[in-house]
Every structure is written in C-alpha cells, then in structure tokens.
Amino acid sequence: MDGLLFLIFAAIAAVCGLNVVLQRQPIASALSLIGVMGSLAMLYLLLGAQFIAAVQVIVYAGAVMVLFVMVIMLLNAGAERPTGASLMASTLGVPLLAGLLVALAYVLFANFPDPRPVRFGEFRLGGAAQVGYALFTRYLLPFELTSVLVLIAIAGAVVLAWREVRK
Amino acid sequence: MSPAGVPLSWYLVLAAFLFTLGAAGFVFRRNIITMFMCIELMLNAVNLTFVALAYHTHQVDGLVLAFFVMVVAAAEAAVGLAIILTVFRNRASLQIDEVQSLRD
Numbered sequence: 001m002d003g004l005l006f007l008i009f010a011a012i013a014a015v016c017g018l019n020v021v022l023q024r025q026p027i028a029s030a031l032s033l034i035g036v037m038g039s040l041a042m043l044y045l046l047l048g049a050q051f052i053a054a055v056q057v058i059v060y061a062g063a064v065m066v067l068f069v070m071v072i073m074l075l076n077a078g079a080e081r082p083t084g085a086s087l088m089a090s091t092l093g094v095p096l097l098a099g100l101l102v103a104l105a106y107v108l109f110a111n112f113p114d115p116r117p118v119r120f121g122e123f124r125l126g127g128a129a130q131v132g133y134a135l136f137t138r139y140l141l142p143f144e145l146t147s148v149l150v151l152i153a154i155a156g157a158v159v160l161a162w163r164e165v166r167k
Numbered sequence: 001m002s003p004a005g006v007p008l009s010w011y012l013v014l015a016a017f018l019f020t021l022g023a024a025g026f027v028f029r030r031n032i033i034t035m036f037m038c039i040e041l042m043l044n045a046v047n048l049t050f051v052a053l054a055y056h057t058h059q060v061d062g063l064v065l066a067f068f069v070m071v072v073a074a075a076e077a078a079v080g081l082a083i084i085l086t087v088f089r090n091r092a093s094l095q096i097d098e099v100q101s102l103r104d
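Residue numbers (our numbering), protein chains in the order written: chain A, 1 to 167; chain B, 1 to 104.
Because the hints were derived from the structure by calculation, they are not lab data.
A few of these clues could be false.
To be verified - Label pairs and their in silico Cβ distance ranges: (1) B:Arg91 x A:Leu22: 23 to 29 angstroms; (2) A:Arg116 x B:Arg30: 43 to 49 angstroms; (3) A:Gly121 x B:Ile96: 44 to 50 angstroms; (4) B:Val72 x A:Met70: 16 to 22 angstroms; (5) B:Val72 x A:Gly93: 23 to 29 angstroms; (6) A:Gly127 x B:Arg91: 43 to 49 angstroms.
What the hints assert, rightly or not - Per the computed footprint, the stretches of chain B lying under chain A, defined by three or more beta-carbons under 8 angstroms from a beta-carbon of chain A, are: (7) 21 to 32; (8) 69 to 75.
Quantities reported herein were computed from a predicted structural model and do not represent experimental measurements.
C-beta: ideal position from N, C-alpha, C; glycine also.
Can you build the whole structure from these sequences, using the hints too?
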C-alpha cells in the first residue's frame, strides 16, 4: 500500500513538474505547481511528517500559490513569447541538465543503498508537538530571526507597492 | 498488493528529478513569473530531501529545516512578486530579455 501510494503521488508530482516547465501559459504552470505541492504533501505524510505536510498545504499550496495566481491575474499574464535560445543553451543545456540528474542520482544511490522499504508509522517525530519542541528549544534563535526576516519582507513588499501607488 | 514500501533512495531520486526540472525551467523559460515558480519547484524538491533524511536519521532536525525553508520561501515570494509587479508597471512586459538595463 505504501509503495502504491508512493508510485501514484510520485507520478503525479513528476508529471505536474514537467507541466510546470513545458506550459506556455503562466496560469497553467501555476496550477501544475499546486499539483506538485499537493502530491509532495502526501509524500511527507507517507514519510511520517504530518506537521510539515499540513504546513505545506496551508503555506505553500494556500498562501504562496494564491499570491502567484493573484499576480498572474493582476498582470493579465498571457502566453510567453518564445525567443530564440542561444546556441550554447540549445546545444549544451539539455545534456548538462541530464548530467546533473545522473550525478545527483549516482550520489544518492551510492550514499543511501539501504534497500529496506520506507514504512508508514516508523517515524513518530513528525507531529506538531515534537517539531514545536525542537523549534522552541534548540532552534529558538533561528526561529526568532525568521520572525525578523518575515517582518522585513512585509515592509519591503509594502514599500515596493506603495511607491507605485503614489506615482 | 503487498504492504511493502519503496526504498528511501526513491524519494531522494524523485527530489533530484524535481530539482533538475526546476533548474531546467529557470534556465530555459523567458517569463519572469514562470522562472519564479521554477525556483519554488526547486525549493520544494529540497524540502522533500530534508523530510526524507529526517526519516532516515530518525531526528526531527530535518523537519525543522524544511519548516525554515518554507518560511524563507514565503518571504521570498512576497518580495519577489512585489518586484515583478514593479518591473511590469515600468516595462509593461514580463519577458526577462527586456529587463537588461543592468547588463547594458
């Protein structure tokens, strides 16, 4: 059952990921990206990370992607105009990226040859309580720093938009 | 159907595949918003790696790191989309080729 669920959602993630890159319309890419994020949330659940799965759906698929879709709607973004790729990009690009994938896969298989299957329920530290405990003890300083980061991001976004309104 | 799952390396290879797709989209696409979404795709792939390694090491640290990546991605999306809005109002275009005054 775990393996079947992995195969289904990994296939959805891979197809939607391909669609993100291949679609010409930004809105189609955005919807495919939501598909990737939803299926990744399912994979997090399979790995036992319930809290991260919930945050993935709420923050990523909810907040961030709504922001993307709103901006696409606001700018009335149409299909992308294809421009001729440079000679180097069209000849070297795909082989280099395929090489990157092969190198990554090789390193991963070499370092994690463990053939034991991932079993749902084996990892029991993924709840909100355990993550929250780590967040507020060992990772307290980084956590507080992210609050400063988010505050700066809000201020930056408001300033960028505000100047346009005034003009 | 047997209850057996798949090895952990399959999760990691899926993450590597998604990361490569994001990198490909970032290099080949010419729409600023699509390029930005490809960055999000890469961040998601890294998150999957973090969660899979948290499972592997039986420690919660990987989940905390994935949480931080999400926070940074949300902040980055807010600022980046504000910049895209500003660029669009000034240039009336979303083509990355037309935003090159820093290069010239």
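Tested hints:
Checked against the hint of 23 to 29 angstroms, the C-beta distance between B:Arg91 and A:Leu22 comes to roughly 26 angstroms, which is consistent with it. With their beta carbons about 44 angstroms apart, A:Arg116 and B:Arg30 fall inside the hinted range of 43 to 49 angstroms. Taking 44 to 50 angstroms as the suggested C-beta distance range, the pair A:Gly121 and B:Ile96 conforms, at roughly 46 angstroms. For the pair B:Val72 and A:Met70, the supplied restraint of 16 to 22 angstroms holds, since their beta-carbon distance comes to about 21 angstroms.
Taking 23 to 29 angstroms as the suggested C-beta distance range, the pair B:Val72 and A:Gly93 conforms, at roughly 28 angstroms. Range check, A:Gly127 to B:Arg91: about 47 angstroms between beta-carbon atoms, so the 43 to 49 angstroms window is met. Coverage of the region 21 to 32 of chain B by chain A holds. Counting CB-CB distances below 8 angstroms, 10 residues qualify, and the rule asks for three or more. With 6 residues bearing a CB less than 8 angstroms from a CB of chain A, the region 69 to 75 of chain B meets the requirement of three and the coverage assertion stands.
Every hint from the earlier list agrees with this structure, and none is contradicted.
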